[in-house]
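J.: The lines below spell out each chain.
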Amino acid sequence: MTHGLFPTQEIGSLAKPRWQILGQRSEVLDGPAKEELRDWDARVGFAKEAPAVRDALLGGRPRETGPEAVRDLGALFGLRFLETAGLDRVYDGEARRIEMYEYPIRQMRGFRFGGHVRSFDNKYYLKATVTDEVRLDHPYHVDEFDFVKAHAHAEPKLPLTGPYTLADWSYNEYYLARQPGWKGRSARRAAQREFVVDLARRAIRPTLSALIDHGCRVIQIDEPAAGTHPDEASIVVDGFNAATEGLDAEFTMHICYSNYADLLPTLLEAKRCRQWAWEFANRDTAGHDGYAVLKTLAEYGDQREVGLGAVDVHRDAVESPETVADRIRRAAKYLGDPGRIWVNPDCGLRTRSLEVARAKLESVVKGAAIARADFENPRR
Amino acid sequence: MIVRTGLTGAFPRSEALVSATRDLDRGRTTAEAVEEIYARTETEVVALERRLGLDETTGGYLRWPDLFRPFAETWEGFTVGPLTRWLETNTFYRQPILLAPPGRTPGAIAARLPPALLRSPGSSRVILPGPYSFALMLDNRSGETEPALIHRLGRLLGDEVRELRGQGFATFLFSEPQIVVRPPEGPRAEAVVAGFRAIEAALDGGTSIVWTYGADARPAFPLLDRLPVSVVGVDLAETEVDQIPAGPSGRGLGLGVVDPHTTLEEDPAEVARVVRAAYARRHPSAVFLGPGAPLDLLPWEPATRKLHALPAVRRALTEGAP
Chain V
1 MTHGLFPTQE IGSLAKPRWQ ILGQRSEVLD GPAKEELRDW DARVGFAKEA
51 PAVRDALLGG RPRETGPEAV RDLGALFGLR FLETAGLDRV YDGEARRIEM
101 YEYPIRQMRG FRFGGHVRSF DNKYYLKATV TDEVRLDHPY HVDEFDFVKA
151 HAHAEPKLPL TGPYTLADWS YNEYYLARQP GWKGRSARRA AQREFVVDLA
201 RRAIRPTLSA LIDHGCRVIQ IDEPAAGTHP DEASIVVDGF NAATEGLDAE
251 FTMHICYSNY ADLLPTLLEA KRCRQWAWEF ANRDTAGHDG YAVLKTLAEY
301 GDQREVGLGA VDVHRDAVES PETVADRIRR AAKYLGDPGR IWVNPDCGLR
351 TRSLEVARAK LESVVKGAAI ARADFENPRR
Chain Z
1001 MIVRTGLTGA FPRSEALVSA TRDLDRGRTT AEAVEEIYAR TETEVVALER
1051 RLGLDETTGG YLRWPDLFRP FAETWEGFTV GPLTRWLETN TFYRQPILLA
1101 PPGRTPGAIA ARLPPALLRS PGSSRVILPG PYSFALMLDN RSGETEPALI
1151 HRLGRLLGDE VRELRGQGFA TFLFSEPQIV VRPPEGPRAE AVVAGFRAIE
1201 AALDGGTSIV WTYGADARPA FPLLDRLPVS VVGVDLAETE VDQIPAGPSG
1251 RGLGLGVVDP HTTLEEDPAE VARVVRAAYA RRHPSAVFLG PGAPLDLLPW
1301 EPATRKLHAL PAVRRALTEG AP
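In order, the protein sequence lines correspond to chains V and Z.
Our numbering puts the first residue of the first sequence at 1, with every later residue one more than the last.
Our numbering puts the first residue of the second sequence at 1001, with every later residue one more than the last.
None of these hints come from the bench; they were simulated from the model.
There's no promise every hint is true.
Simulated coverage check for chain V against chain Z, where a stretch passes if three residues somewhere in it have a Cβ under 8 Å from a Cβ of chain Z [what the hints assert, rightly or not]: (1) 112-119; (2) 167-178; (3) 182-196; (4) 223-231.
Footprint (simulated), chain V over chain Z, 3 or more residues, beta carbon under 8 Å [unchecked claim]: (5) 1019-1030; (6) 1050-1060; (7) 1080-1089; (8) 1092-1099; (9) 1232-1238; (10) 1294-1306.
Built from N, CA and C at the ideal position, the CB exists for glycine as well.
Full structure from sequences and hints, please.
T.: The following block contains the structure:
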């Protein structure tokens, strides 16, 4: 698919609407949930595509429809929400997903969940141990993608958690035990590489392959853990290369809240990565140019696309379209090529209200249009 | 070889405590009911520490949301800031924001210690942030320079130690990951030494342990060797034993031999081999064995299981058991 200058795309999950959360639990919608459903239906037009589900929810009969149909409606909502905001590449707002670690791991064998780890305060998460060779039960996200593909008007793009992040968020027992002698730094590093590459080859690649067979052409591999251990950038690369080896699709890599310069130039060895989708806006503050790291990318002569995080997903304040346009102009200057820039939010917008998320996406689209007009009509 | 063992940071919360604290946040239980579970779990941690023959008990510091929060919530000049990543992990702490030069609130930290410790202070290990890590991991808006802040925090922690010594506490572990993650140089390094001098002056015959983790300790050894402390600890999951500088240290050597980054249980014979190798390089007055970093990177069950390596290693080292 060809695009003009500064096409726009989604990057991750949206907040779940209240009507979806209650509906999935087969609970009768309260007043605010009904109002939310009606309001967003009026604005983005999704519920009319599944009138029986809508009527059951609004009529106080959630059991008539069942949780799966409500999830479908949630996915339709996410899709239309992103499409009517004007994005060129969309997904479903990850409407069926709750998180990005446990679900993929539960589609595999070789892991054991062994209790909760505190994330902070009284918040915890389940962390699995790899106790055997990784094996895939069955490719995942395929049904989810089929639904999006069947209903999308814009180009679909599927996000999937990458092998390095899945490994980094797990305990490595099986591969570490295979290392001889003391399990110190070098043994841990070797075991991690083996784990990541095995995950990539045995679980992620077959899943990607199945998705591609179902017509998925654009796949975003999410590696938020990549920046946590900059000295393991070569393992991130090995995982990415093993996961995508021999596959024909447009692969992008999303990393956020990292010091990207620390990952360069090693990261550039990710052979089949066509686009770096990184967060920048969060660090673009008064007195600090959040896009300056793109100069480093240019200095290495990297010619790939950049998915430019142009709005911050951690603040409610909505960036103006002119701010977005200014960020695009700066990025184009640093890269020396406006034709390689896609524009998107920094990361998933799930921590923002739907209202704020929508306003930020509209700014992305309008800001891209302003910058596009500048570049296409420079004397205007 | 004199071998001592003990925890080096917070212990994980039990699954019962996880459920209770979650329920509290969701309004499904009462603070009183959760307090009962805290007390019961602390008792379990102390019982585990005693059963495994650890030389001091900690109670696990289960109520501390993170290493700095009791200070950020009770000392003058602080407020509690945003969630911030804890070193290279997928866990977070709330970064203290320092708005003015800090001041101690007498009695505040003692009141936050696990109650089980207050009943037997002489056999307890108090775990506190080290002045350097504290200074680096907060958001300093006080106007004070970093070296001045490091030194000041050292003096304040010294005052804390003095107060706790008065209550009978004798062993203090200072959690200092940043000394190896971002080894200080120049005025910052001098401030770290001065900060620990202030702590040492308050010790009055007690034991001070500096515990480092999060990175290879090798580059920091010149500074670590200058610190006026009883024990310097390094995480052997990060520092290769043959990289520990040779030469007699004349003080205790802490070795992190239980790795909280993996659920894989340590092989006591292999640990004993590595400890002997480290001992031969440094000839310390004693070796202090413990987890390389706080065990709360693990869930309760594997943390409990892995801790059993410590008595087995001690036996291997002192009795020649396999």
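J.: For a quick check of understanding: which of the numbered hints are violated here, in increasing order?
T.: The structure conflicts with hint 6 only, although it agrees with all the remaining ones.
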